[in-house]
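Start from the sequences, fold in the hints, and give me the full structure.
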Amino acid sequence: MKQQWEVVIGLETHTQLRTKSKIFSGASIAFGAEPNVQACAVDLALPGTLPVLNQEAVLHAIRFGLAIGAHIAPVSVFARKNYFYPDLPKGYQISQMDLPIVIGGGLDIEVDGIKKHIQLTRAHLEEDAGKSLHLNYEGLHGEKSSGIDLNRAGTPLLEIVTEPVMRSAAEAVAYAKKLHALVMWIGICDGNMQEGSFRCDANVSVRPIGQEAFGTRCEIKNLNSFKFLEEAILFEVRRQIELIEDGGKVKQETRLYDSEKQETRSMRSKEDAQDYRYFPDPDLLPVRITEPMIAEIRSLLPVLPEQLRHEWQTSYGLNDYDARQLVQSKDIADYFTAFLKLIPAEWAKPAANLMTGEFASALNREAQDASAAPVRPEHLAELLKFIQDGTISNKMAKDIVTTLWERGAQSTLPILGVVQALIEEQGLRQISDVGAISILIDQVLQDNLKSVEEFRNGKEKAFNALVGQIMKASKGKANPAQVNQILKDKLTS
Amino acid sequence: MNWHEHSLKSLSQALLKKEVSSVELSQYFLNRMVQYQGMNAYLDVDHDLTLSQAKLADQRIAKGQAGPLTGIPVAHKDVFVTKFWKSTAASKMLSHYVSPFDATVVANLGVDGAGMVCLGKTNMDEFAMGSSNENSAFGPVLNPWGRSFVPGGSSGGSAAAVAAGLAPIATGTDTGGSIRQPAAFCGITGLKPTYGTVSRFGMIAYASSLDQAGPMGKSAEDCGLLLNAIAGHDPKDSTSLERDKENYLQHIGGNWLEGAAKPLQGLRIGVPKEFFTQGLQEEVRQALESALDTYQRLGATCVSVSLPQTSLSIPVYYVLAPAEASSNLSRYDGVRYGYRATEYKDLAQMYQRSRSEGFGAEVKRRILIGTYVLSQGYYDAYYLQAQKIRRIIAQDFQKAFLDCDVLIGPVAPNTAWKIGEKSNDPLEMYLEDIFTLSINLAGLPAMSIPCGQSTENLPIGLQMIGNYFAEARMLQIADHFQRETDFHLQAPTLDTVEVVK
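Quick mapping for you: the protein sequence lines, in order, are chains U and L.
Using our numbering, read the first sequence as starting at 1 and increasing by one per residue.
Using our numbering, read the second sequence as starting at 494 and increasing by one per residue.
Rather than coming from a laboratory, the hints here were simulated on the basis of the structure.
Incorrect hints may appear among the rest.
No more than 16 Å apart at the CA atoms, straight line, and that leaves these computed lysine to aspartate or glutamate pairs for EDC-like [as the list claims (entries may be wrong)]:
(1) K349/U x D320/U
(2) K755/L x D539/L
(3) K2/U x E245/U
(4) K838/L x E138/U
(5) K585/L x D539/L
(6) K144/U x E836/L
(7) K556/L x E498/L
(8) K144/U x D839/L
(9) K838/L x E143/U
(10) K349/U x E311/U
(11) K576/L x D539/L
(12) K227/U x E263/U
Since this is a predicted model, take the numbers as computed values, not measurements.
Have a look at this one:
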């Protein structure tokens with residue numbers, strides 16, 4: 001029988017913290033500036049410069065720790081990781097080694113309906129390095145050279161490390177997505193993976209099922225999309241299994257994923273691994289965090305998506321699907337929360353439909369945040385009122401959202417009465433008058449005797465064709481529920 | 494007028510009374526600097542720059558906006574970065590480096606601060622590593638008291654400049670004795686404050702947890718005046734202390750105990766027995782004993798105390814300081830600024846050659862030691878162990894301070910040695926730091942004041958060690974000694990110094 005293999009994965013994720021300035025200097029961290037314009041004397045490691053810790057980065061780290069139920073270290077220490085590289089100006093990276101700021105904690109994921117708790121080892125603060133640009137530059141003496149852009153040098157990072165507890169690429173991706181959503185939810189990271197704000201290193205090994213000891217692991221560096229993360233792990237697992245089954249041995253090494261060839265390649269082996277000569281940075285004091293500080297940050301932490309989803313399902317009767325949709329981002333959830341405050345609780349379900357339907361597709365289409373959408377919760381609330389009292393149909397509501405969106409994009413809509421005005425203007429009022437609908441139906445039945453005949457002969461489809469004709473005749477304004485009811489009465493009587 | 498013999502107070506009065514202008518005063522010192530440039534005390538001098546600062550100072554004096562230091566010239570150790578003068582740390586690595594900003598110490602004293610006038614940058618041991626100034630990439634400084642002798646180090650240029658009257662006062666830095674030992678060798682007064690008192694921002698780092706800047710002047714009072722202007726919290730240095738501004742001259746001239754019959758009555762001086770053992774030059778011992786007699790005449794009492802781990806301070810220092818230095822000096826890689834080798838075939842060779850050619854022997858030696866002690870497998874045995882002993886050394890001082898107010902002993906076991914005498918034996922040179930290293934390891938304040946002269950006519954220094962933040966009291970105690978003695982007023986005969994061709 002063929003050997004069965006178990007996959008073991010641990011992830012290290014570098015999240016770029018959303019601060020105004022760098023972790024140890026006052027320079028901006030905005031993405032996309034001209035090379036080196038956002039590198040100050042400290043970032044360039046000019047002689048005599050010293051690091052000063054950006055407290056905002058510490059607050060972000062604490063926020064994260066609290067959101068994942070971790071222990072916040074009362075004292076954490078910055079250490080120097082020493083190595084030479086042209087994009088590392090000081091010749092060392094300031095990081096945390098023995099005493100990280102966040103210890104433990106975890107996240108719950110779900111893959112194919114199976115829930116799993118992913119334990120975290122730690123999360124520590126550190127600075128990012130600059131970037132090497134391998135274009136055709138000329139050096140001081142006319143030699144071929146590379147360029148260095150130090151704009152990124154000193155950008156605050158929170159490196160989040162899991163235990164080796166994931167057992168498939170799917171679990172790793174589920175975890176990474178969950179983490180990604182969380183760091184954005186609590187506002188510590190912009191989550192922009194293309195710009196490198198959220199990048200994963202995957203530690204991957206395989207072992208025969210039943211074996212307790214871990215296999216030799218390889219670390220795949222810098223995976224900056226969920227797709228690459230999945231592809232890289234799948235490739236790496238296949239590579240390791242094939243290697244072992246062919247009688248080979250996995251070598252502990254660092255590998256890079258080539259997304260074009262969809263394969264991982266060796267970058268450096270363990271033997272080449274540097275001795276980083278970590279030691280506590282004497283330029284920085286230990287970071288001391290008190291209980292009152294933690295309590296204050298906890299009190300300012302937003303309700304987490306899980307809690308919110310639970311509340312909406314239990315107190316507002318939303319179904320699982322809608323609730324999940326609405327907590328996908330803090331932005332959407334905040335919008336829905338504001339929306340909920342404007343309507344009676346029993347309307348929560350149709351409100352959710354309105355949000356996840358036309359509104360969500362408009363957001364997607366325009367690639368916009370809900371907080372910046374031209375259609376405000378007040379508009380949706382007014383719209384919902386007209387849906388609920390039968391003035392307009394859901395179909396009309398969709399059109400209204402589209403129109404409001406278009407007009408709102410031109411100039412800001414007034415908060416009150418916009419929907420009503422639009423209904424009047426476009427004559428969108430739904431026909432809910434039984435008499436009027438009845439006349440309309442009679443006319444359509446007369447014009448479509450063939451369909452009537454078919455229906456009476458047992459062809460159910462003919463009923464829908466008739467409904468379609470009636471709606472068309474009413475220019476879509478007839479109340480569909482009433483149309484259904486009256487038509488059924490007339491045909492079966 | 495012999496302006497170089499005046500105290501800062503007297504210079505300030507002369508400036509305020511318009512007996513002399515800052516421009517005239519600065520020109521006076523610039524002239525002396527040219528006259529005695531063979532001493533090699535200065536590395537970068539720019540007369541026009543200095544005089545333009547002096548003009549600004551004169552305007553400020555004219556407007557009645559002068560402070561106690563406005564218009565007085567000052568020399569800066571080349572370890573402080575400056576916007577207008579080169580900042581080389583006496584290294585080939587930085588031989589053309591000009592900083593885009595001033596060090597906090599320089600700024601505090603400069604045009605927008607106290608209004609002092611910068612005379613230039615003083616020579617030093619490369620990256621402040623050394624005890625003789627022989628490690629400068631730009632040649633050794635000669636001791637004004639005898640041109641064949643070293644001035645001490647690493648702040649040798651500052652010490653020689655003040656001793657020779659080439660600056661009324663100078664700044665220095667002290668990582669293991671670099672203010673106190675050259676002050677002793679050149680017969681001037683120097684003060685290393687409590688760690689964290691003076692900002693390290695803009696000081697080219699050697700060993701961050703030990704480096705501390707301080708004044709080097711002709712008297713305790715002069716040093717206090719300068720300390721008043723450079724001390725204080727700096728948000729740019731996380732290790733600088735947040736304390737209320739202190740007047741370090743507050744006790745000058747006053748009695749230790751108010752109303753006592755003698756000025757230092759009630760003062761308990763601790764004499765560490767480990768500072769008076771074999772290896773101490775006889776003349777140094779005699780000068781110290783006679784100084785203690787003077788103190789007793791002034792009313793102080795002497796008690797014998799013990800600092801049992803004194804001998805361990807050498808190995809502890811020479812683990813920790815190089816460890817930090819090996820990391821602090823990694824930035825000099827030839828990539829962004831500073832020296833880069835001209836020929837290399839790849840990145841690794843660019844690093845190797847730039848650093849091999851740019852750094853001097855002692856700097857390379859300490860980088861290697863530091864790299865070694867931080868390496869995997871050695872870290873626990875060296876670095877961690879040294880940190881533990883460092884804490885014990887600091888505790889020893891606290892125990893001693895239970896029985897006394899200050900400690901007094903020698904700055905160094907010997908007076909200045911001959912240039913070249915010890916340069917082939919780094920270990921012998923390291924042993925000369927035995928009495929100064931432990932103070933930096935503990936972060937305590939300490940002073941060097943002149944207390945004698947050897948038969949070779951070389952100055953002898955007395956070291957006073959105080960508890961944390963005792964600077965104002967130490968200056969008071971030193972000042973009383975200087976009211977009673979004239980060692981600090983002795984000046985070398987400068988025709989013994991070779992004048993450059």
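Need the status of pair K838/L, E138/U: alpha-carbon distance at most 16 Å? holds (14 Å)
Can you confirm whether the C-alpha distance between K2/U and E245/U stays at or below 16 Å? Given pair K2/U, E245/U holds - Cα atoms ~10 Å apart, limit 16 Å.
Is the Cα-Cα distance between K755/L and D539/L 16 Å or less? violated (48 Å)
For K585/L and D539/L, compute the direct alpha-carbon distance and say whether it is at most 16 Å. Not OK: K585/L and D539/L at ~20 Å, beyond 16 Å, violated.
Is the hinted pair K144/U and D839/L satisfied, with a Cα-Cα distance of at most 16 Å? holds (10 Å)
Given hint E311/U paired with K349/U - CA-CA distance at most 16 Å: Given that 16 Å is the threshold and the Cα spacing comes to 13 Å, the pair holds.
Tell me if the straight-line CA distance from K144/U to E836/L falls inside 16 Å. With a Cα-Cα distance of about 13 Å, the restraint between K144/U and E836/L holds, given a limit of 16 Å.
Taking 16 Å as the top limit, are the C-alpha atoms of K576/L and D539/L close enough? This hinted pair holds, its Cα atoms lying about 13 Å apart.
What's the verdict on K838/L and E143/U, does the C-alpha distance respect the 16 Å limit or exceed it? holds (9 Å)
Going straight from one Cα to the other, do K227/U and E263/U come out at no more than 16 Å? holds (13 Å)
When you check the alpha-carbon spacing of K349/U and D320/U, does it fall within 16 Å? Holds: K349/U and D320/U sit about 11 Å apart, inside 16 Å.
Can you confirm whether the C-alpha distance between K556/L and E498/L stays at or below 16 Å? violated (27 Å)
The structure fails to meet hints 2, 5 and 7 from the earlier list, while all remaining hints are met.
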